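Work out the full structure, taking the sequences as your base and the hints as a guide.
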Amino acid sequence: MLFLTAVAAIGGLAVVLATLLAVANRKLAVQEDPRIDAVEDMLPHANCGACGFPGCRPFAEAVVTGVAKPGKCSVSSDAGRAAIANYLGVDVGAEEKRVARLACAGGSNVARDHARYQGLESCAAAALVAGGGKGCFWGCLGLADCARACTFDAIHMNEHGLPVVDEAKCTACGDCVVACPKDLFSLHTISHRLWVACKSQAAGDGMLEDCQVGCTACGRCAMDAPGLITMQGNLPVVDYTKNHQTRTPIQRCPTGAIVWLDPDGPQKGPAAKKIIRKGVRRDAPT
Amino acid sequence: MSTSGHDRTFAHGVHPPECKDNTAALPIRQFPFAPVQVVPLLQHLGKPAIAEVQEGQEVTRGQRIARPDGFMSVAMHAPVTGVVERIALAPAISGRMEPAIFIRPFPGSTQEPLQGAPLDAGTATPAQILSAIQEAGVVGLGGAAFPTHAKLKIPDGKRADTLLINGAECEPYLTTDHRVMLEHAADVMAGIPFLLKATGVGRAIVCIEANKQDAAATMRQAIPPGLPVEVAVLPVKYPQGAEKMLITAMLGREVPSGGLPIDVGALCVNVATTAEIGHLLPRGAGIHERVLTLGGPGIVKKGNYRVPIGTPLRFLLETVGFERDITRVFLGGPMMGNAVSSLDIPVTKGTTAVIAFTARQTGNVEQQREYPCIRCGYCLDACPIFLNPSMLGLLGKNGEHQRMADEFHLMDCFECGSCTFVCPAHIPLVQHFRIAKRAVRKAKAAAK
Amino acid sequence: MSAFDKTLQIRSSPHILSGNSVDHIMFHVVLALLPAAAFACFAFGLTAVLTLLVAVGACVGIEHVLCVANRKPSTVGDWSAVITGLLYGLTLPPGLPLWMVAIGGGIAIVVGKLVFGGLGQNPFNPALVGRAILQAAFPVAMTTWPVAMAEGRFSGLPSSLLTLPFLTPRYDGVTAATPLSAWKFDHHLAGTSDLALGFTGGSLGETCALLIGLGGLYLAARRMLNWRIPVAILATVALFAGILHLSDPARFAGPLFHLFSGGLMLGAVFMATDMVGSPLTHLGSVIYGVVIGVLVVLIRVFGGMPEGVMYAILIGNALVPHLDNLLRPRVYGTRAGKGAKA
Amino acid sequence: MATDQQTTSDTDEFLKGLFAQNPVFVQVLGTCPTLAVTNSATNALAMGLATTFVLVMSNAAVSAIRNFVPKQVRIVSYILVISTFVTVVDYLIQAISLDLYKALGAFIALIVVNCIILGRAEAFASKNNVKRSVLDGAGMGVGFTIALFCLGSVRELVGKGSLFGLSLFGSHYQGWVIMILPAGGFFTLAAWLQFFNWRAQRRARAAAAAAPEVAR
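Which chain is which? The protein sequence lines are W, U, R and V, in order.
Position 46, counted from 1, in the first sequence is what my numbering calls 53; the numbers after and before it change by one each time, with no gaps.
Position 246, counted from 1, in the second sequence is what my numbering calls 235; the numbers after and before it change by one each time, with no gaps.
Position 244, counted from 1, in the third sequence is what my numbering calls 292; the numbers after and before it change by one each time, with no gaps.
Position 30, counted from 1, in the fourth sequence is what my numbering calls 702; the numbers after and before it change by one each time, with no gaps.
It should be emphasised that the hints constitute simulated quantities derived from the structure, not laboratory data.
Among the clues, some could well be false.
Claimed, not checked - Stretches of chain W that chain R covers, calculated by requiring three or more beta carbons in the stretch to come under 8 Å of a beta carbon on chain R: (1) 117 to 124; (2) 186 to 192.
Stated by the list, open to error - Below, simulated DSSO-like cross-link-like pairs (lysine-lysine); rule was C-alpha separation at most 30 Å, straight line: (3) W:K76 - U:K9; (4) U:K386 - R:K120; (5) U:K9 - R:K54; (6) U:K437 - W:K76; (7) U:K431 - W:K104; (8) W:K249 - W:K104; (9) W:K249 - W:K76; (10) W:K249 - W:K79; (11) U:K433 - W:K79; (12) W:K176 - U:K386; (13) U:K431 - W:K176; (14) U:K290 - R:K54.
Note that the structure is predicted; figures quoted are calculated from it, not measured.
Where is the CB? At the ideal position from N, CA and C, for every residue including glycine.
Given below as structure tokens:
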């Protein structure tokens, strides 16, 4: 008798609950394009925003709906972008690799400080206190906000307190561009090798007291490469729409403020004077 | 309204050491000209003035050398008779290089200031007064350097009923307003009619802290018959000189968050600014010098000086002498003043004081190690606008800038420094707030 | 004059500080605790001296060792571990085996403070955390009370004090109920003056209410203690106990008995006012104090235990984040309906 | 998604539950019995074995029926299967020792809702064949038993000075009552979790140090 009751109870329950499930399955089912999940899985999950979307999932939605091309994700590898394009049957939309570049070469060995900053160890903090105390008001403060902002471990501070970008790791996400209070970073395609490593609007010998490698606005580079380089304010500006694969402009630069970025380090022209001061010199008389 | 009430003040605030005795009794002295006077084109909030002189041109003291660029800008005047050496970049307190006019004085000149067409408060129209104030290059001399004519321009639909002449001078060390009130009471009283006329306000109250009783007495005596002016004495408390605090202390009104004093029918003008208007407008002249306090333990000949605009700090310090172990120089009072990184920075219209600290004073600030916040709540009791600096500091440390603004009224902070002053954990709260405010503004600008 | 040839320092304003500092505050709290500690030594003799020394030593020692082991600068210089040790020691019954004292001190610092991130991060009063865990671990030892003012207290030590580690203590001296448990279980009421002056049994710091109050006044005068909290707690206890007493004097003890007995004074003045675990706002402080006061009376009168200050404060601590979140100060210029007047 | 995962060996399938994916210390599942019944080594062991039995049997059953049960009613079916085996265990323990049955109390019945069991059924047994599911269940069960024993032995040792009821430190040992109370379960679990995390971190660091700059 107990056995029969048990079977009846469980069997009856099964019928009722199965009906409930059937109704729930029909009324409450949610449909979403499964390709969005698949594409999101193929993305690097960095959520860095380099693609212009808030994160990887919105980007995946945009790619699936055809709003964006897989190539917009600069963080993923070539193979990864190709895999997404292949999966969706779309064009990769290839873009040349871009990297972040620093427009300052004034490390502690060549640039002097006016004053000694004390307080929170952050460029953003120092920049708000009389500009940070560096002699050159445009120069890098060297407190590594960019290195901290970089989620890809692509920026490291060198022994002179200057950030160095690892081009292999840099994904052009732009976090350092936002982080730098002196706006020294900008994103460039990797083929832009001719580079003005200075942002100082000061000119002449006066500025050389503050930084030995700054641009003195002598204009020789602009003279040697007319059309390619123009002087704007007190700085040369390279027009990258022209043919810029030439080392001519760096030849006569007296300070080495305009350089050729070789993969194994920046190359200065023969006229650039040697850096005499070697040691770390953080304080000098005002 | 009583004029001697000691009960009128604002809630919270702090009592830093006053340190005014050294210079309060010293009369204002004229300062000599530097070998080169550096007149920045941007000495105020707003757009820089446009230079009207060329290199090599001779200028007369008081002559206009730059014209205002639009409404939020004022004119500049030559601080000295001499020759324009060059127009080039000069370091500014902001930490940037700003364009400035370098003037080399003529050694033999009488240095007689140039005067122009006088203006009479009785006959001038409000518009004439405002334009004359702009032409005279008058900005808030209390430190903010906000163009005064812009402040006095009442927006359509708004009306002010009270003009507060701010002589609180609550920052330690500062005694310029004190001396101006003692020595130039007539100028202050001459300036008030211009302000009342320009704004259509019926009464003015000169607000003075109780540690300047002599100034209050002098001001009371100087009130000309018929002028609707009162003198009020307020208890000593920092930051009483802040516009919002002064309005609350005097009128019991709170300026709405994100609003202006005019939203509660009040206007605040610094007493030195008023004196300057009373001095310049009847003569048709422009600001070419200002009174500032040279003080702090690092200065030898402390005092109040009338310094030509554009005098480099280096010349200032070398003239009055400095202690050998000087470590820090800042413009303005020690609570809100900005540290300078270079002594090539010139004195501008917003410079209320140059204070120099030596290793002894700085030592007790710098060698204090930072502790974790122990939630003592001192900062909450100090903040005059009732923020929660403890919480804000915690969020700032974690970089949650947007949350600070959205939930904890970060943007209402005016960086008076009271919270950092009392913090026993020595957390640089104000610095965290500055970074956060900048980040929030940047994000807002980027979103547009 | 000579030329200026120095490198200036720059930093963010303000350029002057009030000169107050965390270690300064903590040191003064220690000072304020000393009279009560000295009286405990007087009332219980060498036992109290050893217990307090071991309690402070355990707290300071474990904090120092763990800081060093984690390759961080030692934080014992801020005096907060000393306060924890002293307060914790004052909550212990005299004659508690020293090995238990040491273990509880270690627990107070490790579980009460360091696991949360150290000074400023601990939601609960570390001294009370140590005591609460000890109370749960060794309930018998923690509720055995040698009498105060015993003869020969300066010449000998009770055997229980020197029990070998991890062994059960044996009591040879005279033990007695605390005034609270005497009232709760035997309905015997101690005299108010004895309570106030501390001539009764109990934990080391539970005895002299007057000296504790003195320490509190000293701190309050130096603004190192939020007076609203002890006032709110004591007023609530007095009021609540008074109402109960009036309703049935035979069943409920009077307000003075409640105020001066047990750990209420020590808890209200020194433990509930721990800055880290108490609310930031004034209104929050008062609510916090009222909650603790109500809980104390509820536990004492209606609960299973004779004393409830410890749990009342710990529960109060748990409320603090919510109080701070709910009772945010009204920011200047945001008063509703107070706009333009003109 | 009914493809069998054949990337690991059978032995690994069993061993992963012991340490690498230990249900209590790594996955932090089934904390209710972990905290409630570990006040003595005996209780802990009994609870662990009971759970192991249910895990193995339910994994086997779920795996066997995985291809017949429609996706929509799978959870209902799993729970039915699990509760059946729990009922069996319930009777079993009652038959073996009434004292033990009383000590474990409601927690035997609560094995039904132990998320380790439903979790393995859903995550593993529904996708793998019977043999591998049994191995997985056994591994997880043994891992759970080890974890419970870790807690139970420490709590009994410190709380009473005994192990499996045998006094170890003599009659003068002062037991720490709190360790027998539920609060002691939290402290002990926290300590073990701390130990496992510390071990995992140290291994990760050692592995990172041993790998010569692979990323570049």
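Verification of the hints:
1. 117 to 124: holds (count 5)
2. 186 to 192: violated (count 0)
3. W:K76 - U:K9: violated, 68 Å
4. U:K386 - R:K120: holds, 20 Å
5. U:K9 - R:K54: Status holds; Cα separation ~27 Å.
6. U:K437 - W:K76: Satisfied, since the Cα-Cα distance of roughly 25 Å is no more than 30 Å.
7. U:K431 - W:K104: Since the Cα atoms of K431 of chain U and K104 of chain W sit roughly 27 Å apart, the hinted pair holds (cutoff 30 Å).
8. W:K249 - W:K104: At roughly 19 Å apart (the allowed maximum being 30 Å), K104 of chain W and K249 of chain W satisfy the hint.
9. W:K249 - W:K76: Holds. K249 of chain W to K76 of chain W sits at ~27 Å (cutoff 30 Å).
10. W:K249 - W:K79: holds, 25 Å
11. U:K433 - W:K79: holds, 25 Å
12. W:K176 - U:K386: holds, 28 Å
13. U:K431 - W:K176: Holds. K431 of chain U to K176 of chain W sits at ~27 Å (cutoff 30 Å).
14. U:K290 - R:K54: Holds, at about 19 Å.
Against the hints set out earlier in the document, violations occur for numbers 2, 3.
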